[in-house]
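Novice: Residue-level listing of the chains:
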Amino acid sequence: MSNHLKNITLRIWRQAGPAAKGNFETHVVDEITDEASFLEMLDILNDKLITEGKEAVVFDHDCREGICGTCSLMIDGQAHGPQRGTATCQLHMRKFKDNDTITIEPWRASAFPIIKDLMVDRSAFDRIIESGGYITAETGGAPDANLIPISKIVADAAMDSAACIGCGACVAACPNGAANLFTGAKIAHLSRLPQGQAERYSRVEAMVETMDERFGSCTNHGECEAACPKEISIDVIALMNKDYRKAKFANRKDLARK
Amino acid sequence: MAQVVTSHRGPVTGTATHKRTKRPFLLDLYSTAVGKKYVMGITGVAMMGFVLFHMIGNLKMYAGAAGLDHYAHFLQTLLYPLAPKGWVLWILRGGLISMLFLHLHAAWSLTRLNRHARPMKYQSKRDYQIANFASRTMRWTGIIVLAFISWHLLDLTFGVVNSEAGKMITHPGDEESVKAVYASIVYSFQRTPVALFYVVANILLGIHLFHGAWSIFQSFGLNNPRFNSWTRAFATGFASIVVIGNVSFPISVMAGIVG
Amino acid sequence: MTLTDELFAKNTVTLDSKIPEGPVADKWDNYKQNMKLVNPNNKRKFKVIVVGTGLAGASAAATLAELGYQVDAFTFHDSARRAHSIAAQGGINGAKNYKGDGDSVHRLFYDTVKGGDFRSREANVHRLAQVSIDIIDQMVAQGVPFAREYGGLLDNRSFGGAQVSRTFYARGQTGQQLLLGAYQQFSRQVGLGGIRLFNRTELIDVVVIDGRASGIVVRDLITGEITSHAAHAVVLATGGYGNAFFLSTNAMASNVTAAWRAHRKGALFANPSFTQIHPTCIPQSDESQAKLTLMSESLRNDGRVWVPVNQNETRLARDIPEEERDYYLERLYPSFGNLAARDVSSRAAKRLVDNGQGVGAKKNGVYLDFAEAIERLGRDVVQERYGNLFEMYERIAGENPYETPMRIYPASHYTMGGLWVDYELQTNIPGLYAAGEANFSDHGANRLGASALMQGLSDGYFVLPYTIGNGLAPLLNKPMPGIDHPEFKVAEEAARERYNAYLAINGTKSPDYFHRELGKIIWDYCGMERTEEGLKKALELLPALYQEFKTDLRVTGDGDSLNQTLEKAGRVDDFFQLGMLMCRDALDRNESCGGHFRSEYQTDDGEALRDDVNYCHVAAWQWGGNPMTPNLNVEPLEFETVHLATRSYK
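Residue numbers (the numbering used here), protein chains in the order written: chain A, 9 to 266; chain B, 352 to 610; chain C, 2 to 651.
Hints in this document: simulated from the structure, not taken from any laboratory. Just so you know, these numbers come straight off a predicted model, no measurement behind them. A hint or two may mislead.
What the hints assert, rightly or not - Straight-line alpha carbon distances no greater than 20 Å define the calculated DMTMM-like cross-link-like pairs of lysine to aspartate or glutamate that follow:
hint, chain 1, residue 1, chain 2, residue 2
1, C, Lys364, C, Glu325
2, A, Lys103, C, Asp287
3, A, Lys56, C, Glu288
4, A, Lys62, C, Asp559
5, C, Lys510, C, Glu549
6, C, Lys351, C, Glu608
7, C, Lys266, C, Asp17
8, C, Lys351, C, Glu530
9, B, Lys476, A, Asp108
10, C, Lys364, A, Asp42
11, C, Lys510, A, Asp55
12, B, Lys370, A, Glu221
13, B, Lys476, A, Asp84
14, B, Lys472, A, Glu33
15, A, Lys160, C, Glu385
16, C, Lys363, A, Asp42
17, B, Lys370, A, Glu207
18, C, Lys100, C, Glu150
19, A, Lys105, A, Glu39
20, A, Lys160, C, Asp138
21, C, Lys538, C, Asp525
22, A, Lys56, C, Asp553
23, B, Lys373, A, Glu217
24, A, Lys103, B, Asp478
25, A, Lys56, C, Asp513
To be verified - Covered by chain B, according to a simulated footprint, are these stretches of chain A (three or more residues, beta-carbon under 8 Å):
hint, stretch
26, 224 to 235
27, 243 to 251
To be verified - If you want the ones that stay clear, here's a sample from chain A, every Cβ over 12 Å from chain C, calculated:
hint, residue
28, Asn15
29, Arg19
30, Asn31
31, His35
32, Lys105
33, Asp106
34, Asp108
35, Ile110
36, Thr111
37, Pro183
38, Tyr209
Positions of the beta carbon are idealized from the N, C-alpha and C atoms, including for glycine.
Can you make the complete structure from the sequences, with help from the hints?
Specialist: Given below as C-alpha cells:
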C-alpha cells in the first residue's frame, strides 16, 4: 500500500552551461507518494518550476526501465543512489524517509563534461567502442548461426559482461575516474566468445589505449562494481589486464614477423 | 579547473584512424595506465620478497648477538671469493633501489593521471561502498613508509643517526671481527621515539601491503573463480606476518627480552 | 463496388506499392535479380542521411557505410546505444527451425500475416520471414550472446501467436544485445570514417525539392542551433508514436516528430490507428507516474493469468482457492491459452477489470502467477529464465513475484501504423525512406511478439541497402540541390519561428501537462476499445485542447542552450496533430481488426469482426494543411497466398 513521504529537501546542482560556475540549489518537496520513482519526483518538481516561470532542472533520462543507460545522478554520494544493482530511473521513493535531505550532483570526470545542470556528456565511451569494441562482421557474409557451438557457460559469462548499459556509473563512482569496468566489460564480452578471437589482441590494445587518453587509472577499489546497476564484476578488469599483457607479447611477435 | 567541453559540436567520424606511435616494447607497455599497473605489481612483488626475507633474516636476533651478526656478515660476503666482499649485496641493493624508483615513478604518474581525470571533486560527501581505508590511503601509507625507509637506512645501514652502527665485534670462537649489528639495533630501539616510529611505520606498511598484495592479482589478471576468495586471505596473511615479525623487534628490545 | 474500390478511385496520390512479379516466395529474389546496382567506386559519390540509430537506423547506417556510401547519422540521444530498441526484452523470431518443430519461412510468414489480422502486405511479410534467417546469422557473428543449450547450440522459446519455438533470446535483454551488436558495427564505421555521427541532434524538418527528398533540417539540442543537411537519400528510422498515449512503455523521449514532419511535407501516414496495447505491463500506481514498464511477454510462457471470480475479492492472492480463480485465457482460448495474441489478451484483461474483477489497490490489474511454474520447474529454473524480470518487478512494484503473483495490465507499447512505404521501403516522396517501427509495412493491425526486432534489423541490414542502391543508381553524376538552395533556408526559418513561438506563448501550463491530458483523451477514446461516439467526442476534445496548448503553454528557459522543456513542447505539438489523425483513422475504419477494436464490430463472443469486403486496405493519409482535414488514400490489399480467414486462437 502506498504511503506518502513528507518534507523532502533536495539539494540539486545547477549549472547554466559547460563553462559556468555551478552551485547547489535547495528545493522542498512537501509531499510525494512512495510509489513514485526518483525521477518522477524530479518531474513533479520540474512541472512546478515551469509553472512558476523558472527553468526546469536538466537531467538525462529516457527508457526508465534501467536498460538504456541514459540516466545518471550522484545521489547522496552514491552513483545511481542507495539501492544496489539499480539505475536511478528504477530507484523509488520508498527507499527514503520523511524529512530526508537528498543531495543530487552530476557525475564528475574530465571525460564527462557537464552540459547543463545534472547532464553530462558521455561520448568518451563511444570513442572507446569505436576504437575496437566490436567484432568485424560486415553485413552479409555470416555463416550459419549454429555452425560454432558455444558452451552455455561461456555464453552466460559473455552475457554477464555484455549486460553493461554504458551509463558511466563506474567512472562516476571510481575515486580515480577510471573507465576500466566499462572497457573491461566489453572486452570480456567479446573476448570470451569464439567469434571474438580473431581480433582479441588488437581489440584490447586499441581499447585500452583509447581509454587511457581520457580516463584515470584503476587502483582496485572496487567502487565501480558496487555502483554498477548491472552488478558487473571487477573480474572483467582482471581479464582485460591479462589480455592486454598477452596482447603486448602477441602483437610484438606479429610485428617481428612482418 | 571545471569540467569543460573541449570538443566543438559537429560530426564525429574517423576516430579510430589515427596511426599509433611506435615505441620500443617496454616503453610501449609502460605508456598506458594498465602497463604502469604491471610495473607497480612487478616492483611490488620484488619488494614484498625483500620485506619478507628481511623480516625472516632479522628473526636471527632471537638467536642472540652472534647469530645476527654472523648472518649480516654472511650477506656482506655473498659469493665471496667469486666476487669481492659487499659487491653482491650492493648489486641486490641496486636492484631494490631501481624497483623502488619504478614503483614511485609509476605511482606518481598514475596519481597525476587520476587527478587529471577528475579535476573538479564532488561537492557533496561521497559515500564509499567497497573502497576501504587501505585502498584509499595507498599514497599516504606509501609516502610515510618511504620516509621511514630513509630513516631506517640512515639509522642502521649508514649509521648517520646511530653512534653504535659500524662498530666491530669479535664474538667468542670467531677468528675475525664482524660488524656489531645486534648491538646497534638494540641501541636504536632503546630510544623510545625511534621504536615507536618503527612500530607505526610497520603498521602502515602492513596496511599498504593489505591492499597492494591483493591488488597484484587483479592488476596481473590472475583471476580464477576458484582462487579469487583466497587472494584476500593471502594479502591479509602476508601483511600480518610481516607486521608481526617486524614489530616484534622493537617491542622485544623495549620489553628487555632482547638486549 | 466495394468501399475500397470507391476510395481507391478518389486517391489524391498515386500509391504504387512496387511489389515484384512472381509467386510470393520468389518476389524478393526476383527483385534482387532485376534491381539496378551502383558500382562500388561510385557509391562514395552518394550521401545518405540516416535519422535514428536504433536497430533499423544503426544497422542501415553501418551496412550502407560498409558498402561505401557516405553516411550521415543523426540521433537525438547522446549515443547511438540509447535508442529504445534497447528495451525490447523477450526475443527475436527467426525461421531457423532449429527445434525441428515444423517451422519454416512460410509458417513465420503465415503466422505474421494472421497475427496482423490480414491487414499487412503479403510480399513485405514474406520477405521479412525470409531474411529473418540471415538476421540470426548476422547477429551471432556480431557476438550477440544468445541463450545456448548445454550442447552449445542456440536455444529457442515460444512466443504469443505462434505454435512453434522460433524465438531467439538473450536473457530478458534481447533488444539490448541486438542493439549493442548493431551499435558496435555502427561504431566501427564511425571509427573508420564511414559514418559521420551527429549526436544530440534532432530532426525538425524534411526538405523536399522538386518532389524529391533533398535533406533535413536539424536542431542541435546542446546549442539550439538550427542547420541544414543535404543528401541523395534520407532514411527515417525514428521509431513509433506510442507516446501519443503519454503513459506507454516507450522511452520518455520517443516521439513522432520526424515522421510527422515528413508527413506534413507530403509523405502519407498509413493506418495511424493501428496501435498495439501490450498485455503485460505493470499497472499504474499513482497519478504522477510518467511511464509504464513492460514485463516481457515471454513471462506468459510459464506464468498463468487469472483474476478472482468475485468482484469484491479482498483476500491476498495466495489465500484465494483454485475454484474461485478464473484462468480466463486458458478458459477462453484453450489451444493458445496464456499465449494468445497480444490484442486478444489485452482486451480480455480490460473486460475483466472493467467488470470489477481487477486486482491490486486500484483494482487495475490481473494476476500473472508463477506458483505453478515454480512447483513444476523449481525456483532455480524460473530464476534462470526470468530472474532479471522478477528483480525489475520487485524494484518497481515493491512485491516479490516468487511469493506474490505479479500484477499486470495492458499498456500502449508499439505502433503498427507509420509512414506509408512501398516494397522498397520508400515513402511516396522519392528519396525518402522509412524503416523499422517508423514505417507501417509488416505488422498489419497487430504485431506478434519478437517481431519488432526482426523487422528493424530486416529493414536495416537486408532490405534498405539493396533498395536504396536501386533508387540511387539513376542519379549518378546528376546535380542535386545543396543546402544553399532556398528551400532549405525557408525550412530553417520556419523551424526557428516554430521554436520561438513556443517560448513566446508564456502561458501557465507545462508541455507535460498538455501531454498528459492529450494522452488521457487518446487512451480513453482511441485505446483498447473504440466506439464511433467516443471517437467523435475525441475529435471535439482534441482541437479544443490543442487550442489551449497554443495559447496557454509555458516554456521556460531559452532557445540557445539545452532546453528539455522546449524539446518537449515541439514533440507534444506533433503528438496533438497525430492524435487527431489517429482518431480520424479509427473513426473511418468501420471494422475491428487486430489492435483496432471498434465495439460496434464484434462477434457474439466478443472477438474482432473484420470487414474484408470494404476495409481490406491500407488507409494512407495525406496532410491536408490542417490536422483535422486529412485526405484519405487507400492501397487495396490482395491476399494471393494466405486466405482471408477469421483469426482464431481458440
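Novice: It remains to establish, for every hint, whether it holds in the given structure.
Specialist: Here is how each hint holds up against the structure:
no., hint, in the structure
1, C:Lys364 / C:Glu325, "17 Å, holds"
2, A:Lys103 / C:Asp287, "17 Å, holds"
3, A:Lys56 / C:Glu288, "15 Å, holds"
4, A:Lys62 / C:Asp559, "11 Å, holds"
5, C:Lys510 / C:Glu549, "10 Å, holds"
6, C:Lys351 / C:Glu608, "13 Å, holds"
7, C:Lys266 / C:Asp17, "19 Å, holds"
8, C:Lys351 / C:Glu530, "9 Å, holds"
9, B:Lys476 / A:Asp108, "15 Å, holds"
10, C:Lys364 / A:Asp42, "19 Å, holds"
11, C:Lys510 / A:Asp55, "8 Å, holds"
12, B:Lys370 / A:Glu221, "14 Å, holds"
13, B:Lys476 / A:Asp84, "7 Å, holds"
14, B:Lys472 / A:Glu33, "18 Å, holds"
15, A:Lys160 / C:Glu385, "12 Å, holds"
16, C:Lys363 / A:Asp42, "15 Å, holds"
17, B:Lys370 / A:Glu207, "18 Å, holds"
18, C:Lys100 / C:Glu150, "11 Å, holds"
19, A:Lys105 / A:Glu39, "11 Å, holds"
20, A:Lys160 / C:Asp138, "18 Å, holds"
21, C:Lys538 / C:Asp525, "10 Å, holds"
22, A:Lys56 / C:Asp553, "15 Å, holds"
23, B:Lys373 / A:Glu217, "13 Å, holds"
24, A:Lys103 / B:Asp478, "16 Å, holds"
25, A:Lys56 / C:Asp513, "11 Å, holds"
26, 224 to 235, "holds (count 11)"
27, 243 to 251, "holds (count 8)"
28, Asn15, "17 Å, holds"
29, Arg19, "21 Å, holds"
30, Asn31, "18 Å, holds"
31, His35, "15 Å, holds"
32, Lys105, "15 Å, holds"
33, Asp106, "18 Å, holds"
34, Asp108, "18 Å, holds"
35, Ile110, "17 Å, holds"
36, Thr111, "22 Å, holds"
37, Pro183, "24 Å, holds"
38, Tyr209, "16 Å, holds"
The structure agrees with every numbered hint stated previously.
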